[in-house]
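> What follows is the residue order along each chain.
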Amino acid sequence: MKKTRSKSSGPKITVYTSWKELPCVPVSAPSKGSIGETGDWRTFKPEIDGEQCNKCGICYIYCPDGVIIFKEGSVPSIDYTYCKGCGICSVKCPKKAITMIRERQ
Amino acid sequence: MAKIKKTLKDKEQTIIMSGNYASAWGAKCSRVQVVSAYPITPQTTVVEKLSEFVDKKELDANYVRVESEHSVMASLVGGSMTGARTFTATSGQGLLYMTEMLHWVSSSRLPVVTTIASRGIAPPWNIWAEYTDILSVRDCGWIIQFASTHQEIFDSVLMSYKIAEDEGVMLPYFIVYGGFTQSHTSKPVRIPSQSDIDGFLPPPPKKGWAHLNLDPERPVTHGNLLMPTQEYLDFRFLIHDSMMKSKKVIKRTISEFKKTFGRNYSGLVEKYKCKDAEAVIISYGAIAEQSKLAVDELRAKGKKVGLFKLRYIRPFPTKELLDLFDSGVKVIGIADRGTAFGNPTGGPVSTEVMSLLHQSKRKIKVLPIIWGLGGRDVTVDEQVNIFNQLIRIKNKNEYPAEKSMQHGSLWLGLKTGA
Amino acid sequence: MLTVKELIQTESTTPELFNAGNSACAGCASILALRWALKALGPKTVVVAPASCANVYIGIWPKASSAVPYINMAFAAGASAASGIVAGYEALGKKDINVLTWAGDGGTVDIGIQALSGAIERGTNFIYTCYDNEGYMNTGTQRSSSTLKYTKTTTTPLGKGMHKKDIAQIIAAHDIPYVATCVATDPQEVYNIYSEAKKIHGPKFIHILSPCAPGWRFPASRTTVMGDLAIKTGIFLLWKQIDGELTVNKRTAKYLDKKKRTPVIEYIKEQGRFGTLNESQVNDLQAWVDKRCDKLARFL
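Chains as they are written, first to last, in our numbering: chain S, -4 to 100; chain U, 332 to 749; chain D, 614 to 913.
Think of the hints as simulated: they come from the structure by calculation, not from any bench. None of the values given here were measured: they were computed from a predicted structure. Note that CB positions come from ideal geometry on N, CA and C, so glycine has one too. A couple of the hints might just be wrong.
[Claimed, not checked] Computed list of lysine to any residue pairs in SDA-like fashion (alpha-carbon distance at most 25 Å, straight line): (1) D/863 to D/841; (2) S/50 to D/801; (3) U/579 to U/549; (4) S/15 to U/511; (5) D/708 to S/15; (6) U/746 to U/511; (7) U/538 to S/26.
[Claimed, not checked] Examples of chain D residues toward chain S, derived with CB under 7 Å: (8) 633; (9) 634; (10) 672.
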């Protein structure tokens, strides 16, 4: 199977054409994806089994990057654009409802 | 803004004070808001006086007694980023210790003002006047001004904030004077009324500096990585560009100061009897100021000599020097009270002055001089001798005796044996 | 103190103050701790980050992961810059803004210790955090004085010769209002500690053990396992000193009893950073742990 790199792996950067356009100092704005779409880093992808999930929210708590979105009473969803695939959610899930699946691409 | 204590009369007063106290008074009258203090001879009485002002509630500032000079400048980075007006004073080893943070301040474009009571570099210990400390950090992006009189020290602090906080400048500012020769001698200093000063120097903007402010309502990250392909070079250029453009702001501020307070300072340089001078000494600091006496003595005898005093070495007074070169001067002696080991002349400023000579069509002879290191006095007589030496160079191409001339520069007072 | 359930109720709907798509390693315990520290402190917070991983994991200009003002700072100046920020806010009459120094172990225990000691000695009202991944991890795993003995780092290829410097005890000796230790992999505890610290006026010091997958050489998914083992073996002790009163955390208190404590070999063998230790080295580490546990047990 042909491996293709996903597009836009770096952050979108303003292109300046002249030093006159620059601000006085380089200050950065708060944003997601400050290094790019870190979902590209993944080798393994977490998948939540909605049936096993007891909606406890533990995975939401332990995700270092905060990519697990949790609404009380619902199965959490994962923002795969940024999930790095570290696997902590899978280890912490008390119901073993999260499996790490190897990425195909 | 804090109200002035009622017992202080809000009118002009003349007080006899040391150069260090003139610096402290300058900070007080500028209504500085954060002062970071660390003692070092010969600056210590600046921060002592400031702590007295704060304790007596004559200055409404937050006085931080830090544990090292590196922390002095680091804490002023923090303080300035909140939009406060910041101040400190240091000397010699202290200045060298905070060098990393000096760059941090200028690269962050923060208008911190620091007065320097210059002293010799250790080892061996030497606490007396010599400018190598400030000269060794001359390229770090701070405006550097020498104050030759006590009045000038006080006045310069007021002007420095106006220049540094100008939106087109936004660069930190050093005011330099000689350790002990100026820091510990006393002269009368005219302190204008606080309301006149407030009229000349308004407080910092309430929203903080336009380019960088620590405000949770408008969060920014400052200082994160820039890749080589990004505009790091361009941001560094901006610092140089603003420094070069600050010359206009400096001149404008000096003229505003004259309008408000009546005292005139002559811009980036002060020319004393240079108009038709054939031999000129170019130098800086009170030691240069003193050579006006040598000029007068020789002028009385009909010799055409002059003093070209650099008030600023950053930004470098390029145009003023080029004008001097084109004015008909035949020989210049460039005297440094500091060293730059291994550079073409051994003196920091003499090399920089000479770097401009190629732009002049005139042929001018040059004598680089190193004088006054470690607080060694240079008398008026010695300065008269230097002028006479310059005239000998002009007339007969006769340079000083080989022993005092070392590697092309005159090391004045070098012990050369019998 | 919030329970896990209360934590979720309170925080699952608030926006993240440390955004995803940052350049931290996958499974980084430090950003897990920062995420919850910022949630506890809230958006009226300014972070000062001296040189450490925290300078590079926020991404590249013109974007940055922090949703609160975040200042990158020189290595030795973490506490002193914060001291200046606090002074500036006080001078300008700006109240209720938390100032947080987020420093690594290198920037705290080595190059930053002078500024830290000075800042807390003068009673600066700020929170200083040392997230301790036991080495200079930003620059590729060199030893710091907070590295455990026998750890193989690039500057101690045969293993570090000295035991770990106990920075929390050094800071406790400064008699500041609040000193606490915790592990980054216990977000509830991190959140509660910062919520508690936030309400106290004066210098606060929080020491957070931050297991580092690439630096300690274990799979990233096992980051939380390392944190738990650190507590169970007693190799990292959890305690608080509030106004001079030292109390031992309940979890650590249990493991101060040697019979209940996991032997350190269980911790060592999980991590590649120790290489292969011989029996006397393991015993030495165990003896060091035992001695420290016995000392802390006096406060039970």
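> Each of the hints needs a verdict: does it hold here or not?
Going through the hints against the structure:
1. With a C-alpha separation of about 14 Å, the suggested pairing of residue 863 of chain D with residue 841 of chain D holds against the 25 Å cut-off.
2. The hinted pair formed by residue 50 of chain S and residue 801 of chain D meets the criterion: a straight-line CA distance of about 18 Å does not exceed 25 Å.
3. A threshold of 25 Å between alpha carbons decides the hint, and for residue 579 of chain U with residue 549 of chain U the separation of about 32 Å lies outside it, so the pair is violated.
4. Distance restraint check for residue 15 of chain S and residue 511 of chain U: the Cα-Cα separation of roughly 45 Å exceeds the 25 Å cut-off, and the hinted pair is therefore not satisfied.
5. At most 25 Å may separate the alpha-carbon atoms for a hinted pair to count; residue 708 of chain D and residue 15 of chain S exceed this at roughly 37 Å.
6. Proposed proximity of residue 746 of chain U and residue 511 of chain U is supported: the alpha carbons are some 24 Å apart, at most 25 Å.
7. Taking the CA atoms of residue 538 of chain U and residue 26 of chain S, the gap is near 23 Å; set against the 25 Å cutoff, the hint holds.
8. This hint holds: residue 633 of chain D has a C-beta 4 Å from the nearest C-beta of chain S, less than the 7 Å allowed.
9. Below 7 Å, beta-carbon pairs count as interface contacts, and residue 634 of chain D has one with chain S at about 3 Å; its hint therefore holds.
10. Contact between residue 672 of chain D and chain S, as hinted, is supported at the beta carbon level, the nearest pair being about 2 Å apart and thus within 7 Å.
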